[in-house]
Amino acid sequence: MMLSSDKFTAKRSKSEPVIHSLPEGIMHDIVSRLTLKDAVRASLVSTNWRRLWTCHSNLCFDSPTILNREYGTISRRGSRRGRRRRRFIRRINAILESHSGTRLRRFDITFALDTRHTEHLDRWLKFALDSRASEIAINLHPVFYKDSVRSYEWEDTYTLPFHMFSSQGASYIESLQLTFASLKLPGDFDGPLNLRVLDLQTVHVSEGDLELLLSKCSALECLRLGRCYPLLNLKVQNPLCRLRNLSVRGCQLQVMEFSAPNLAKFEYSGQAVPITLGESMKPTEATVTLLGYDDTLEHVFTELPKTLSRVEILSVNTCINTEVLCRPA
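Each residue of the sequence shown is one higher than the last, beginning at 1 in the UniProt record's numbering.
Hints listed in this document are in silico derivations from the structure and should not be mistaken for laboratory results.
Any given hint could turn out to be false.
[Stated by the list, open to error] Straight-line distance between alpha carbons at most 25 Å, and here's what the computed BS3-like set of lysine-lysine pairs gives:
| hint | residue 1 | residue 2 |
| --- | --- | --- |
| 1 | Lys184 | Lys126 |
| 2 | Lys184 | Lys216 |
| 3 | Lys235 | Lys216 |
| 4 | Lys235 | Lys306 |
| 5 | Lys184 | Lys235 |
| 6 | Lys216 | Lys265 |
| 7 | Lys216 | Lys126 |
| 8 | Lys235 | Lys265 |
| 9 | Lys265 | Lys306 |
All chains, please: the whole structure from these sequences, using the hints.
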């Protein structure tokens, strides 16, 4: 008995995985939703998928992805850390060389690197800019870090090459996250930037450089500053009209002055300092955490009501030094 050609075609198609015959556009969409690690694994499914991972739009490099190892399991021995850093760098270089160069959605580096690896970090950042990445995140947090920004040797940290942000690719960045690095703008930096989110955590940045950077970010909607040093006076003269969320935590500020007429959410954690946020500010929610014992109650009842007079929901956390007086026996 002979099968008709139609029945034979139907029978053959059932025996072949449907995944092999998907249109290329759909395969690209599927791969883009996977992590980079899973995308590489998926390349083993079919010869048609072998090179698809090279078009992945989310390049997120960290120790578990590249080295199959969590930060906490990395040895304290310098020789082993050095070998793992070299292996991490080699693998990223190989991945970027194989990548198709299509536009990126996110480019993320999370690993303990410093100024010794500037050449590689600069090259990776240039790749992200050339690929018109929408989100760039660089987290160089040391594995074994003592909790003191003052005692940290900032000269060893990587300095973000902001001269690269004058290129056309920088105009595509909507979110910039920087952790454990230095930020220094060139004197002739003229922007502008289209950043909607700026997140600086444990970053060495001067007052002048931060103010200059913010003056070029007219589209900024969310600003997060944490443990930035040696930032003392945070003064932003130009109004940030689109800013909706402002968070300042752990910075050793003495003064903070902002003009953000459309601010909706404000968070502050630090010493009790004068805060000016502009008369036109109408936030709906504010959270203030005051560290230290001196005059905090006075600041809560006298200064905060002036600064945040129009807030609908105000949460205040503070510490009160209560001394227990013991009678002599």
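Against the structure, the hints come out as follows:
Restraint check for Lys184 and Lys126: the C-alpha separation of about 17 Å stays at or below 25 Å, so the hint holds. The straight-line distance between the Cα atoms of Lys184 and Lys216 is roughly 14 Å, inside the 25 Å bound, and the hint therefore holds. At roughly 15 Å between alpha-carbon atoms, Lys235 and Lys216 fall within 25 Å of each other, so this suggested pair holds. Using a Cα cut-off of 25 Å, the hinted pair Lys235 and Lys306 holds, with the two alpha carbons roughly 18 Å apart.
For the proposed pair Lys184 and Lys235, the alpha carbon gap of about 17 Å is at most 25 Å, so the pair holds. Taking the CA atoms of Lys216 and Lys265, the gap is near 22 Å; set against the 25 Å cutoff, the hint holds. A C-alpha spacing of about 20 Å is found between Lys216 and Lys126, which places the hinted pair at or below 25 Å, so the restraint holds. Between Lys235 and Lys265 the CA atoms are separated by roughly 19 Å; this keeps the pair inside 25 Å, and the hint holds.
For the given pair, Lys265 sits about 17 Å from Lys306 by alpha-carbon distance, which is consistent with the 25 Å threshold.
In terms of the numbered hints stated before, the structure departs from none.
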